[in-house]
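Number of protein chains: 2
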Amino acid sequence: MEIVIPRRTKEELRRKGSRRIPRTIQLSQGAGGSMMEALIENLIAKRLDIKSSFVGSGIDKLEDAGIIDLGDIKLAFTTDGCTVDPMFYPGGSLGSLSVGATINDLAVMGAKPIAISFGLILEEGLPLDILERTLDRMSEVCKESGVPIITGDTKVMEKGKVDKLIINTAGIGIIQGDIISDYGAQPGDKILVSGTMGDHGMSLVALRFGFQSNLRSDEAPLWHMMEQLLNIGGITSAKDATRGGFGPNINELARKSNVCFYVYEDKIPIKPEAKRLGEVLGIDPLSTACEGKIIMTVEPDKADEILETMRHHKYGKEAAIIGEVRRNPKGQVILETEVGGRKALHTSVGELHPRIC
Amino acid sequence: MEIVIPRRTKEELRRKGSRRIPRTIQLSQGAGGSMMEALIENLIAKRLDIKSSFVGSGIDKLEDAGIIDLGDIKLAFTTDGCTVDPMFYPGGSLGSLSVGATINDLAVMGAKPIAISFGLILEEGLPLDILERTLDRMSEVCKESGVPIITGDTKVMEKGKVDKLIINTAGIGIIQGDIISDYGAQPGDKILVSGTMGDHGMSLVALRFGFQSNLRSDEAPLWHMMEQLLNIGGITSAKDATRGGFGPNINELARKSNVCFYVYEDKIPIKPEAKRLGEVLGIDPLSTACEGKIIMTVEPDKADEILETMRHHKYGKEAAIIGEVRRNPKGQVILETEVGGRKALHTSVGELHPRIC
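The listed protein sequences derive, respectively, from chains A and B. The numbers in the first sequence follow our numbering, run straight up by one, and end at 357. The numbers in the second sequence follow our numbering, run straight up by one, and end at 1357.
Honestly, the hints are just simulated from the structure, not real lab data. Just so you know, these numbers come straight off a predicted model, no measurement behind them. Note that beta-carbon positions come from the ideal geometry of N, C-alpha and C, so glycine has one too.
Here are some chain B residues pointing at chain A (derived, C-beta under 7 Å):
(1) Ile-1040
(2) Ile-1050
(3) Gly-1125
(4) Asp-1153
Please construct the entire structure, taking both the sequences and the accompanying hints into account.
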């Protein structure tokens, strides 16, 4: 089956070259869409691509983590900068988010997290109790995941030069078996998500707009669940659906693996409240961040066991098989609607919702 | 010989406990003095101290890097947050500084840097050419040191929520032989510095005050020089004299090693121009940052060879033996003046000079 739907492809962006990158930094370049991809791929990664025998997978691959090859041991190495407004919200906080994001970036590569670093940028005048509560949340998430924070850095900036508190984390993990890559999805694989999409983003949007809501961030450190899944095997690609949410991240997997992700729209788990709020505000839950959810492809004979194992884990209760990988149209995500129609799910260009981080 | 000089010791700070930490963040807590020590030791490190079998040296040790123990392989892991105003200055830039600082933190632990991560926090509206030039400087320093940047993260914040550009870097190194620790200086060791003290700080001060000056930042990635010194052996402790400069960093070595660092004041290399500028402005070049200098202790029979090797390296031409480690007074740095008098060199409490970063 061939479905050809024209869209702005990565190749087009590349052909148009750096003219597509505006000469001053735009908010949209940090929002997880194609504007951000263009900045990172065409400008940042190119300028920082340095060869070394230790590099198993470098910055040019734009994976969730780089791979360091030490012979018998392969390490995953990743980093995240975090800022959220507000810093504490239902279901999470800046502190837990910062550490969880790094643990999850390692987990989706198939790596057991073994060490985390933090870099704090503090604004002069920040109340100390905010710092204390933030550190406590960081510590809790690390303890839950059995990962030590072994090094750190603290800077204080003058009042007004930074907004309260920025946390950068970096993490090292040991690859347990095969590296799980964004490039590994194969035709025939099943597509799974580990739970409802868009909870983090939609809960923050509800908070910002003052809506009464039971929505909570889905923030969660996913290593322990991922460890169980790695023991089953058969995972061919995986990504945590963070910035930009489901849409940009599943598109990235399809594009990098050069296959079609064929998804049944009605099988994508979304909390009814998130869907309703999205309709009211015109925000698509599929284009807003998750902070504790994985999108993955799995060999077909392992899909049911992976699904059951996820559903037995506290962070995967609403996991679902949402579609399958097909050969064509390559690099595209096709949604089959409830009435049997088909549409392409595109990566957003810039921002689609109020900024939450 | 016993010299007892009362001073505000770490133990005193500790006894006074958290009452010494103000309830809002102060600029002085980021300046490299005892205010910063108290914040990091008594609040941050305590809350983030998590045990794991992989930890060879944890955050509680407050070394330049944490150590991950993988059995046959030991890794050093470090991180730095960087912000400098101005972003480009004689002898360096924010980009080169950010990467160099991380390379040096690994080098002084005795680790060969093998991978670096970056986290960019960009202010909306930042001119793209500033980002491009910054990335190019990062790349140059990495290439000089043979270290790849293998992973990164980019965030964009709204205009006014961050001052232009913050870079966080993290780095991984492989310990080459023995770990060089802050705790290893022994009575009888010689004390060396790899060149003139305070160049980075004094050059930025000159720039800020609009003084005509030939002063340049001493920014340099020191791995290749350190590699030569590690091959000679005999280094018992080492630290790069960054934030706070010579004073706080040599005090930290003395305190952690629980020995006396006995230093001949007239042997400490300082550029005459830095000294004169310091006199005019009342700023001590020994209390302002270096970004390419190491303070180290060396077994006495290796000191001359280490010194000669440094002096043959482009980053160590003005290296000097400045004193020796003695047994008492423990944890103190004693300066012998040109006329034979003695004074204790204390760690500054907060800031001693205009903020440069």
